[in-house]
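Protein chains: 4
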Amino acid sequence: MKIVLVSRIDDEEALRYTASLARDLEDLGHGVTLEEGTAQRLGREGIPFEEITGDLVVVVGGDGSVLLTIHQMRKQVPVLGINWGEVGFLADLEPDEAGAFFATLKDGFRVERRMRVSLSVDGKHLGDALNEAVIVTERPAKMLRFGVYVDGIPSERFRADGLLISTPTGSTAYAMSAGGPIVDPQIEGFLLIPLAPYMLSSRPHLISTGRILEVTLETEKPAHLVIDGQSTFELEREAKVTVTRSSEPALFVHTGKPFFEKVNYKLRNL
Amino acid sequence: MKIVLVSRIDDEEALRYTASLARDLEDLGHGVTLEEGTAQRLGREGIPFEEITGDLVVVVGGDGSVLLTIHQMRKQVPVLGINWGEVGFLADLEPDEAGAFFATLKDGFRVERRMRVSLSVDGKHLGDALNEAVIVTERPAKMLRFGVYVDGIPSERFRADGLLISTPTGSTAYAMSAGGPIVDPQIEGFLLIPLAPYMLSSRPHLISTGRILEVTLETEKPAHLVIDGQSTFELEREAKVTVTRSSEPALFVHTGKPFFEKVNYKLRNL
Amino acid sequence: MKIVLVSRIDDEEALRYTASLARDLEDLGHGVTLEEGTAQRLGREGIPFEEITGDLVVVVGGDGSVLLTIHQMRKQVPVLGINWGEVGFLADLEPDEAGAFFATLKDGFRVERRMRVSLSVDGKHLGDALNEAVIVTERPAKMLRFGVYVDGIPSERFRADGLLISTPTGSTAYAMSAGGPIVDPQIEGFLLIPLAPYMLSSRPHLISTGRILEVTLETEKPAHLVIDGQSTFELEREAKVTVTRSSEPALFVHTGKPFFEKVNYKLRNL
Amino acid sequence: MKIVLVSRIDDEEALRYTASLARDLEDLGHGVTLEEGTAQRLGREGIPFEEITGDLVVVVGGDGSVLLTIHQMRKQVPVLGINWGEVGFLADLEPDEAGAFFATLKDGFRVERRMRVSLSVDGKHLGDALNEAVIVTERPAKMLRFGVYVDGIPSERFRADGLLISTPTGSTAYAMSAGGPIVDPQIEGFLLIPLAPYMLSSRPHLISTGRILEVTLETEKPAHLVIDGQSTFELEREAKVTVTRSSEPALFVHTGKPFFEKVNYKLRNL
Chain F
0 MKIVLVSRID DEEALRYTAS LARDLEDLGH GVTLEEGTAQ RLGREGIPFE EITGDLVVVV
60 GGDGSVLLTI HQMRKQVPVL GINWGEVGFL ADLEPDEAGA FFATLKDGFR VERRMRVSLS
120 VDGKHLGDAL NEAVIVTERP AKMLRFGVYV DGIPSERFRA DGLLISTPTG STAYAMSAGG
180 PIVDPQIEGF LLIPLAPYML SSRPHLISTG RILEVTLETE KPAHLVIDGQ STFELEREAK
240 VTVTRSSEPA LFVHTGKPFF EKVNYKLRNL
Chain A
0 MKIVLVSRID DEEALRYTAS LARDLEDLGH GVTLEEGTAQ RLGREGIPFE EITGDLVVVV
60 GGDGSVLLTI HQMRKQVPVL GINWGEVGFL ADLEPDEAGA FFATLKDGFR VERRMRVSLS
120 VDGKHLGDAL NEAVIVTERP AKMLRFGVYV DGIPSERFRA DGLLISTPTG STAYAMSAGG
180 PIVDPQIEGF LLIPLAPYML SSRPHLISTG RILEVTLETE KPAHLVIDGQ STFELEREAK
240 VTVTRSSEPA LFVHTGKPFF EKVNYKLRNL
Chain X
0 MKIVLVSRID DEEALRYTAS LARDLEDLGH GVTLEEGTAQ RLGREGIPFE EITGDLVVVV
60 GGDGSVLLTI HQMRKQVPVL GINWGEVGFL ADLEPDEAGA FFATLKDGFR VERRMRVSLS
120 VDGKHLGDAL NEAVIVTERP AKMLRFGVYV DGIPSERFRA DGLLISTPTG STAYAMSAGG
180 PIVDPQIEGF LLIPLAPYML SSRPHLISTG RILEVTLETE KPAHLVIDGQ STFELEREAK
240 VTVTRSSEPA LFVHTGKPFF EKVNYKLRNL
Chain V
0 MKIVLVSRID DEEALRYTAS LARDLEDLGH GVTLEEGTAQ RLGREGIPFE EITGDLVVVV
60 GGDGSVLLTI HQMRKQVPVL GINWGEVGFL ADLEPDEAGA FFATLKDGFR VERRMRVSLS
120 VDGKHLGDAL NEAVIVTERP AKMLRFGVYV DGIPSERFRA DGLLISTPTG STAYAMSAGG
180 PIVDPQIEGF LLIPLAPYML SSRPHLISTG RILEVTLETE KPAHLVIDGQ STFELEREAK
240 VTVTRSSEPA LFVHTGKPFF EKVNYKLRNL
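Same order as they appear, the protein sequences are chains F, A, X and V. Residue 143 in numbering that gives the first Met the number 0 is what sits at position 144 of the first sequence, and the numbering runs on without skipping anything. Residue 23 in numbering that gives the first Met the number 0 is what sits at position 24 of the second sequence, and the numbering runs on without skipping anything. Residue 251 in numbering that gives the first Met the number 0 is what sits at position 252 of the third sequence, and the numbering runs on without skipping anything. Residue 110 in numbering that gives the first Met the number 0 is what sits at position 111 of the fourth sequence, and the numbering runs on without skipping anything.
Treat the hints as calculated values from the structure; they're not laboratory data. One or more hints might be untrue.
Put simply, identical chains are the same to the list, so a pair is met inside one copy or across any two.
SDA-like cross-link-like pairs, simulated, lysine to any residue; straight-line CA separation at most 20 Å [claimed, not checked]:
no.: 1; residue 1: Lys1; residue 2: Arg73
no.: 2; residue 1: Lys261; residue 2: Ile211
no.: 3; residue 1: Lys1; residue 2: Val252
no.: 4; residue 1: Lys141; residue 2: Thr231
no.: 5; residue 1: Lys220; residue 2: Thr231
no.: 6; residue 1: Lys239; residue 2: Tyr148
no.: 7; residue 1: Lys220; residue 2: Glu187
no.: 8; residue 1: Lys220; residue 2: Leu27
From just these sequences and the hints, can you work out the full model?
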């Protein structure tokens, strides 16, 4: 197989582990390439995220490293995360489980598709979010006013510190801190969660991806839209954000761990 | 069309309105039958819920009357609710909107399917819930212990006052009081919500109907399972409740009101 | 000192520990009496809860055993709980910490007063709650309607599964499962928490004990009032429950453990 | 009486009302002074907030105007707010109620003291908050890590978007949006509420003002501390914020409206 390795670059041990993993995978007969930043830290040659192709990307890091990789790849390649962080919902294997997985790699693996939300503002595509996009104020402690349109129909207006637009995958990330439900990634929906809403009746909403979803900023205050904690965009006043299901889902290696067992175990240990 | 009329029977005005509606519909050329209880109160002949057939059932009442009708019909017929209660999420038309609807009835109507959950205990089918099934203790203020199995895998265990198993339709009913999200009825999922869970990390879960879901009672305390607030069953100790998507969804006349606009309007006015 | 020992009676190890503790305390020169139920299980003589007097009651058990003891004592005597249960917020010492405590007992101990709420219905005193009183329906899954009067003024009306009236001490018990805040026991207040309230704007309220607080049942459905999970009372229709600060606080031995450190540690490990 | 008038200056009607109120109060024999900004807009002479003295300050505006006035006054003078905003929890009278109040003003009025929290960072006093101080990140969607010390003892550590330190008065403001309880202003306590906490067991805490409360920033990310939405301070890395009960409470004219009746009415109409 053609495998690309990515390591978090702020952790010497993760880098050493990645270098040793590269040797092991080559010994197993796979073709191994390093991502550019990782390669640099190991004194080797590599390719930028944007040019990643092949059968598999192995990411040694936490959820942030996995998000970064998926965010930067031009074309989605199946990702396997080896958890080198605190709590890894996206980095599915612990380092001590990796050996067993790679031993059977030549027999192939199952791929799990995870929907992403595509964000556009006034017709311009900003990017795709695997976990969530969040709209927040630029000024501390100043509320924004939002309008939500479903299938073109005004459905809700509220004031809040911000608004999260999460995927089911993101339901165990920021959305969970903000009070949202855990959503099965086999369900396709847009999870809308207001941050500290002023109106007490504001509740998380899960909206079918079959709907057309638009969010408008109804205040003149400056705001930011942040995708997966990776990219930040300035929103103009009265901006209209269009939310659709991305045509390019993220691809994950399915390691056989049942979603709900994994999630509830991790929740209890946050 | 062949139309059956059901009225709440504890409200004289609703009954009078129903009688007058029967005349109007007959004048429009439809065949009208009354449900037995409604008929009795109007001094006429009727048919029991179980024998309802035809093109349309019109229910004059609140959500309870709609739930009762759907619960009792042996075979689902499309339901139109005319709201004669407090807040009607299921009774879609206000009385003053009914005339306009019936005027165009002969041209047909769109039917909206709403999934129901089918509840079985130790292999025996108890019934289908349009809104929710709830498992609660028989003894006030005593917690139960639950186990949740997804696809046969133990996924969660917790202690709580009770457990709600709701449909998306039920997400604006009891599930909402219990802290759940609003779920688009276009999404098919089982919404699990613990009532006053002891473990603080317990969160509402939305589980795909493609999964096999089982809930076990892990305490020896007696408990009840209540379906849509209509039927109550005693659960034996260590009972295992199997939750599946019912093969018979409820059928509603689609009156053209957008779901989210309606819901958010009603929420603000609870 | 004159010490009374109480053990949970459903656990042989707790009973053996209690018997051995009795000998140790007598060896240290203290006068030891056993509570009647405990005594019976150990084949000895004892006194009923109601007749407990002296300097100190040591309870070997969980929070339930401590609540039972305080509930039954006619006159409050300082209580020390040795935790023989799951999570003990009221049973302050772990068994392995008890030796060090008793070694210095002859030098005296500090007593911490914890407010209780006194519950009366239509002028008749029902009892005092150290943790909470809860009003719940007798029929599963049927909402009650409540009115809340503060200083005689109607302040809130809502429908809910039930209503918790908790003390600050109880804020880490049932009230916490029901979504309430953690309240410092140095604060004196009545914590009102609706269970699954229908109106989304219903929030936990903390009301000064300087206020006159009354709760009315506004539905004709039968309801129960349960005090500390120990005593259950039937509430008549339209009952009015008067809540006051009990003139007899519970007395606890202050073992020097800081409240918030203890609470947050236990919360993380529920 | 010596009365100072303050108006919101962005609303012509409020200014006209204030000018007319000035005449009315002078006709009733009171000495009236205008605040400088208000005076300027009316083409008259005034005094700066800092120099306000006298018997009474009347503020025509919303809660923001009342907060600004209390924030800027060097020495607290009793405040009466006439609500010229959306929902006024601090601006107690509606304009049509003002006449009746002023008619009996010469007989005096009752003053209600509302505690404020005093915020210091590394020994330097930053200001007093009537509603709340909030610590938030400067960078959108990046969590902060906090430590909470009660009486010098480490009591909690958590990651969150921010942390609110609210008074009971502030419990109906930002703290409510963030999920806190309603707290009787007759209770004196510090209400700590994390914003979108990562650890699910994080709950609002109400801590007695008799305690010493310190909050530390445990991340190296830049953060802001905002007092009552009025003043913003940059927090240095590893800053320690000390929270005490201010020795100068805010003073309000007690208009006789019962707190809980008022609050619940307004909550239902947010």
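Hints, verified against the model:
| no. | hint | result |
| --- | --- | --- |
| 1 | Lys1 - Arg73 | within (17 Å within a copy, 58 Å between copies) |
| 2 | Lys261 - Ile211 | between (32 Å within a copy, 17 Å between copies) |
| 3 | Lys1 - Val252 | within (14 Å within a copy, 55 Å between copies) |
| 4 | Lys141 - Thr231 | both (19 Å within a copy, 12 Å between copies) |
| 5 | Lys220 - Thr231 | both (16 Å within a copy, 17 Å between copies) |
| 6 | Lys239 - Tyr148 | within (10 Å within a copy, 42 Å between copies) |
| 7 | Lys220 - Glu187 | neither (32 Å within a copy, 35 Å between copies) |
| 8 | Lys220 - Leu27 | neither (56 Å within a copy, 43 Å between copies) |
Hints 7, 8, counting from the list given before, are not met by this structure.
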